[in-house]
Amino acid sequence: MSPNSRTTQSEEWPVIGHEWAVRLLQRALPAAATIPYDSRLSHAYLILGARHAGKSTLARALAHTLLCTESDSAPCGKCRACRLMAQGNHPDFRLIQPLSREGKPDREGGLLRAEQASDIIRDASIRPLESAYKIFLIQDIQRANESFANKLLKSIEEPPDYVIYCLTATDRGNVLPTIRSRCQILELRPLDTATIETALAERWAVEPEQARLLARLSGGRLGWAVEQLQEESMREQRVETLATLLHLVEADRVGRLLYAETLARKRDNQHLFGLLEIWTIWWRDVLLIQSGCPEGCSNVDLLTDVERVAGQISAARVSDYLTTLRRIGGYLQHTVNTRLALEVLVLQMPMIGIGHH
Amino acid sequence: MRVSCLQENLAKGLSIVGRAVSTRSTLPVLGNILLEAKDNQLRLAATNLEIGINCWIGAMVEDEGAITVPARLLADFINNLPPERIDMELSVRTQTLSLRCARYTATIKGIDASQFPFVARAQADEDEGGSMADVIDGVTIPLEAANLRKMIDQVVYAASTDESRPTLTGVEVRFRSNELRMAATDGYRLSVRSVIFDEAIGPNEEIMVVVPAKSLGELARIAADADDEEPVKVIVAQSRNQILFQIPGNKDEARGSFQWVELSSQLIDGRFPDYNGIIPKSRDTRTVVDTAELLKAVRVAFLFARENNNIIRLTVMPDGKNGADDNKGQLRLTATSMEMGDSVNDIDAQIDGGEIEISFNAKYLIDVLSQVDQPQVVLDTTQSTRPGALRPVGVGEDEYLHVIMPMHPNR
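Protein sequences, first through last, are from chains A and B. Its first residue numbered 769, the first sequence is counted upward by one per residue in this note's numbering. Its first residue numbered 371, the second sequence is counted upward by one per residue in this note's numbering.
Treat the hints as calculated values from the structure; they're not laboratory data. Among the clues, some could well be false.
Stated by the list, open to error - With a straight-line Cα cutoff of 27 Å, these simulated DSS-like cross-link-like pairs (lysine-lysine) come out:
id : chain 1 : residue 1 : chain 2 : residue 2
1  : A       : LYS1034   : A       : LYS872
2  : A       : LYS872    : B       : LYS479
3  : B       : LYS520    : B       : LYS479
4  : B       : LYS520    : B       : LYS666
5  : A       : LYS919    : B       : LYS584
6  : B       : LYS520    : B       : LYS733
7  : B       : LYS733    : B       : LYS651
8  : B       : LYS479    : B       : LYS408
9  : A       : LYS922    : B       : LYS584
10 : A       : LYS846    : B       : LYS479
Let the sequences and hints guide you as you build the complete structure.
Structural data, given as structure tokens:
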């Protein structure tokens, strides 16, 4: 068989890449919708992977397939169940997200709270309304507070036969072992750049040039690339952040400290994490050029700048700075003085002497 | 869709189905109410996926059609309108509903009716989902609204509110040849109520389901507005795990009425505990007291018991210590609060058996006594550590029974 037969199979599911996980789930599906519970499906899946790696997409595809009333192996896209799923109104599919203090969904700073666990348990005791299954997609289980997790343990271990839990998390280590051990784990790996480039060009009709750039920058996370497409502000942030970077490389200490101060005043941690990510990829490119692997670079649109900087700084200093970037990222996750962290961030950046170019 | 109806009727209908609207849900469409104009009726429907309510009100339908609109907004708007005719028109292209009443007009943005989950109905056309007509493997039994309501009121309060034991948040409903029986318990008290019909009401095999107490509470609320003469129909669809009640409305009354309501509820999965084991089989002391007098005395004692876990002590004194007749004893209720003081109330009682001291939760006593219509109640006890059984005088042993676990006062 040609390698194509695999892709066609997973193409039936609205999931790009992750063929092994799709196949694994497809093989576990019940033979026919008429005998629902006679299957090899697990009662709970824990889907691990980086942000935007496609964890929820995979879970939704599984839910979609199980809820679809017309087809047994993949969602048909036409029946009532599929239409309801598409609009987020299927009564047998639940999406549970971390909530902020005000009760608004907040996947970054929110928590999965004990009340939500009680709701889930109550909900799980009620049979599905329109199909044979009831699927709970609980996003970011690493954001669960302890009582949420503990309340849910029993239900995750032994849910009623019509319930399937899909949990997502970014990192195995952040999930309570008691939860982890009750789930079948699917660990999604980054997609290769070519797959993302093709998908962007074919499904999202992205220009080849931009598709190539986004695919490179995405780090194997299709969802990230798609978000960049949809959010113009995010593309702007990258251009702006890299322009600042180029400026700072040549700036003296005073200029750098001034920038650190303005950045700290914004009090926008999300922005900071974005910045760190963009800078890290850029400095990695510098190191790649210095090591003689220009084909691995991500910022393909800014290669001349990367090459210029690479020529003027030693690889050891770049490597050191990459370590600093990672360390600062770790600091910002915790409660440190943001201003101090940012000052370290800009002061340790390798400097190109003015007039050297 | 083009339809007109009376403001009072629409307001009534919305207040009935509004109770099933989901207040917090991840499905946006569940915050809406479905309006469907068909066969000269307007159907209103709402569901939180656990309870679903359909309400039909009289209407003039010019064009059939359906839409869902935000429940709160619609209800608040309709409630503020004068009691006149409301004209509604749906624009399919924009999915908006225009309403006109007297000199008020409004346009409300809605969600396509096809996005609304099926709300179970006793009968629905083939192309519509949610019909229970094909899945009835249960019973259809006649029961008048007023009786059904009383029956529910007498058991539903005993159900647990603790969500960690889902089964106990429900009421066990059992249909057996000519008997309908409901039972609820929270582990500390048990209420059992049954009705015997003159003729068989269902199939010979027993049907036993656990209905969420909340759903029965809603049913009782709707039944208060129902036609008391006509029977309520019950349909159990065990394969779908649903129960449906069809409640007739006061059709002849022109204003503020509905034609009929169908309330469907998901059933609770899981075995209801076998409560027969905790019903006391024997008694050492039987105390008969006046219901109203006891209720009043408990209420007074409760004032002092609140600070002390609601504990009140009942002392049954058979001899008539206060110089009364032989078979005329006293029931003494004592409540003590460390901070506030104490109270001792005596009421007359007919006592058969020995002296006993037993403590109960005052709230539980108030709950059950408020639901007893008969003038006298019987309290059967054995030991102060064993449950007591309470039941109205003049009612069959199996008809209404309440069992309360005693409390252990710390002395």
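Status of each hint after checking the structure:
1. A:LYS1034 - A:LYS872: Given pair A:LYS1034, A:LYS872 holds - Cα atoms ~23 Å apart, limit 27 Å.
2. A:LYS872 - B:LYS479: holds, 23 Å
3. B:LYS520 - B:LYS479: Violated: B:LYS520 and B:LYS479 sit about 41 Å apart, past 27 Å.
4. B:LYS520 - B:LYS666: The hint holds at about 22 Å.
5. A:LYS919 - B:LYS584: Since the Cα atoms of A:LYS919 and B:LYS584 sit roughly 23 Å apart, the hinted pair holds (cutoff 27 Å).
6. B:LYS520 - B:LYS733: With Cα atoms ~20 Å apart, B:LYS520 and B:LYS733 stay inside 27 Å; holds.
7. B:LYS733 - B:LYS651: This hinted pair holds, its Cα atoms lying about 25 Å apart.
8. B:LYS479 - B:LYS408: Given that 27 Å is the threshold and the Cα spacing comes to 21 Å, the pair holds.
9. A:LYS922 - B:LYS584: Measuring from Cα to Cα gives roughly 24 Å; hence the hint holds.
10. A:LYS846 - B:LYS479: holds, 25 Å
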